[in-house]
Amino acid sequence: MGLTEDYSERGPDTRSGQAIAYLQENYRTYALIAPVALFLLAVVGYPILQTFRLSLYEAPASSSIKTFVGLQNYAQIFTSDIFYQLLWQTGRWIVVAVALKTILGLLIALHLKGNIKGRKFFRTAFLIPWGIPYAISAVVFRWIEHPQYGYLNSILLKLGLIHERIGILGSPDIAWLGVVVADVWIGMPFMAIIFLAGLQSIPEQLYEAAAVDGAEKWSQFRYITLPQLKDVLFIATLLSTIWTFVSFDVIWTMTGGGPVNTTATLVIWIYKTAFDQGNLGLGAAYSVIGFFILAVFAIIYLRVYTSGGEEL
Amino acid sequence: MTMAGHEPSTLRRVRIYGVLIGLLGLVMLPFYTMFASTLKPQSEIFSSPATLIPADPTIGAYLSVWTQTDVLIWVGNSFLISLGTVAIALVLAIPAAYACARNDFVGKRAFLLAVLVVQMFAPVVLIVGMFDVFVALNLYNSYLAVIIPAAAFTLPFNVWMLYGYFKTIPIELEESARIDGASMLQILTKIILPLTKPALVASVTYTFLYAWNRLLFVLTFLTEESKYNVPRGVFSMVGALQTDWRMMLTASVIGIIPLLILFAVLEEYIVSGMTAGAVKD
Chain S
1 MGLTEDYSER GPDTRSGQAI AYLQENYRTY ALIAPVALFL LAVVGYPILQ TFRLSLYEAP
61 ASSSIKTFVG LQNYAQIFTS DIFYQLLWQT GRWIVVAVAL KTILGLLIAL HLKGNIKGRK
121 FFRTAFLIPW GIPYAISAVV FRWIEHPQYG YLNSILLKLG LIHERIGILG SPDIAWLGVV
181 VADVWIGMPF MAIIFLAGLQ SIPEQLYEAA AVDGAEKWSQ FRYITLPQLK DVLFIATLLS
241 TIWTFVSFDV IWTMTGGGPV NTTATLVIWI YKTAFDQGNL GLGAAYSVIG FFILAVFAII
301 YLRVYTSGGE EL
Chain X
1 MTMAGHEPST LRRVRIYGVL IGLLGLVMLP FYTMFASTLK PQSEIFSSPA TLIPADPTIG
61 AYLSVWTQTD VLIWVGNSFL ISLGTVAIAL VLAIPAAYAC ARNDFVGKRA FLLAVLVVQM
121 FAPVVLIVGM FDVFVALNLY NSYLAVIIPA AAFTLPFNVW MLYGYFKTIP IELEESARID
181 GASMLQILTK IILPLTKPAL VASVTYTFLY AWNRLLFVLT FLTEESKYNV PRGVFSMVGA
241 LQTDWRMMLT ASVIGIIPLL ILFAVLEEYI VSGMTAGAVK D
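Note that the protein sequences, when read in sequence, are chains S and X. Mind the numbering: the first sequence is residues 1 to 312 in full-length UniProt numbering, read in order. Mind the numbering: the second sequence is residues 1 to 281 in full-length UniProt numbering, read in order.
Mixed in with the good hints, there may be bad ones.
To be verified - Straight line, CA to CA, 27 angstroms or less: simulated BS3-like cross-link-like pairs of lysine-lysine:
| # | chain 1 | residue 1 | chain 2 | residue 2 |
| --- | --- | --- | --- | --- |
| 1 | X | 227 | S | 272 |
| 2 | X | 167 | X | 108 |
| 3 | X | 197 | S | 120 |
| 4 | S | 272 | S | 66 |
| 5 | X | 190 | X | 167 |
| 6 | X | 167 | X | 197 |
Read the hints as simulated data drawn from the structure, not as lab findings.
I would like the entire structure built from these sequences, with the hints used as guidance.
What follows is the structure in structure tokens.
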């Protein structure tokens, strides 16, 4: 803390002299980090700048002619119905998917925690959905949910739960749930693994003491596990929220945002606007909005990550 | 010492394994449907309702998938993209992580936090700006347009992973080498990196998987079919009106086999990498 970086500024001679001496002494160190810094500035920083700039232009993807239009793209967004529909759909998508990932992940972790035979096998098996291409998971779920030939309909019919086939991904009411299932399947392993590591770092003595007091399983969970797991739970849920918010491959492969835009989230709309409709300027404006939402999450994450005055 | 609550009763054990196996079954179900479907002949694939167990299993799909799809090219491209990403990301990350672990300098904290923030800024939010920049740089339709952003977005993980690990290596180990006149590069490659194997493997695996699995960059920046990777190739088989499900699922199985091997061999490292950011000891 308290480091200032005004060395490049033109200060009194002694100051800049000091700065030059400092740089001469440490140039090797700066030479080692410079490639990463420059690479990220070029590949991430500059496109951010470019996105902000583009959002003020009318810029068709099909031509290189850009016309400055000021805040017109933003005005168009904030007065459109679709924007508010997107916010609602993005919100429900995040809330439902993250809640399910957290609960299922916790359930798996709690059962893997103890002295389990074959834990490595279970852990590997639970991990696989996270490690394969999202697009492949998406087509598999598309196949499972296929209205005519899918397994889901076949099973539900056999169990007598439905009497005629349902086309989940074609129905504006429930299509989003059909996509949520796939996203939860993909995102749950991360939560399980993080929670498992968190659970394993809880000192066993706490449970032993509770056992002496005759604490019930539920109160053990309520008064020992949950408080001890609080930080891990918070960070994992925050990361999962961010990743669910920017989840693109799954939705794009399963529905492309349809039917009638009911599975579209903000990031799907960025892509659709910019590359399907070829309106780079409007797509950039949507990106800037998404960017600010992510910035809020990033600030919270950094606060938590650097809390407690931890040295880096 | 107390015994209470330590040795779970048999009943409790049965319940725990019951829940685990039940959950595992649910998690494995999609894999089962994928694999079972590839063993069905075309006529059975398109039978309704779906047969839960292939009535007439055949490996025919695995014989014809090589000629009916470009899956071999996709796998080859995925390897190329993944290895290229690993190379760039690690060549950049190792020196930076080492510098941060071994030196205190003005701007170190800002640098490390800025790198961490990059992880928050998902590619999809930057894709419009990237598109504009890459087209201007003439990178459109080149593998580099996929490798460069993948390397950038895996850098946060790699820098932090390696930085954390380098810090745990005692400085005394390199001091004697330094006295003997070894250069920094020699110290890094001869002394430090061999000791960093767990973190290096975690970094390589994470980066490899990241690059292998992503659809977005290839979807946006590569238009030639001969450059498709596995996700893009599979996605291209989804038809507006008709989809050859049998071939698509078979190609999918083949496209994930390299990953399954990676998982079986390197699971420990993958787990240690995943938990590095969220669980502070």
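Verification of the supplied hints:
| no. | hint | verdict |
| --- | --- | --- |
| 1 | X:227 / S:272 | 23 angstroms, holds |
| 2 | X:167 / X:108 | 14 angstroms, holds |
| 3 | X:197 / S:120 | 21 angstroms, holds |
| 4 | S:272 / S:66 | 19 angstroms, holds |
| 5 | X:190 / X:167 | 17 angstroms, holds |
| 6 | X:167 / X:197 | 14 angstroms, holds |
Taken one by one, the earlier hints all hold for this structure without exception.
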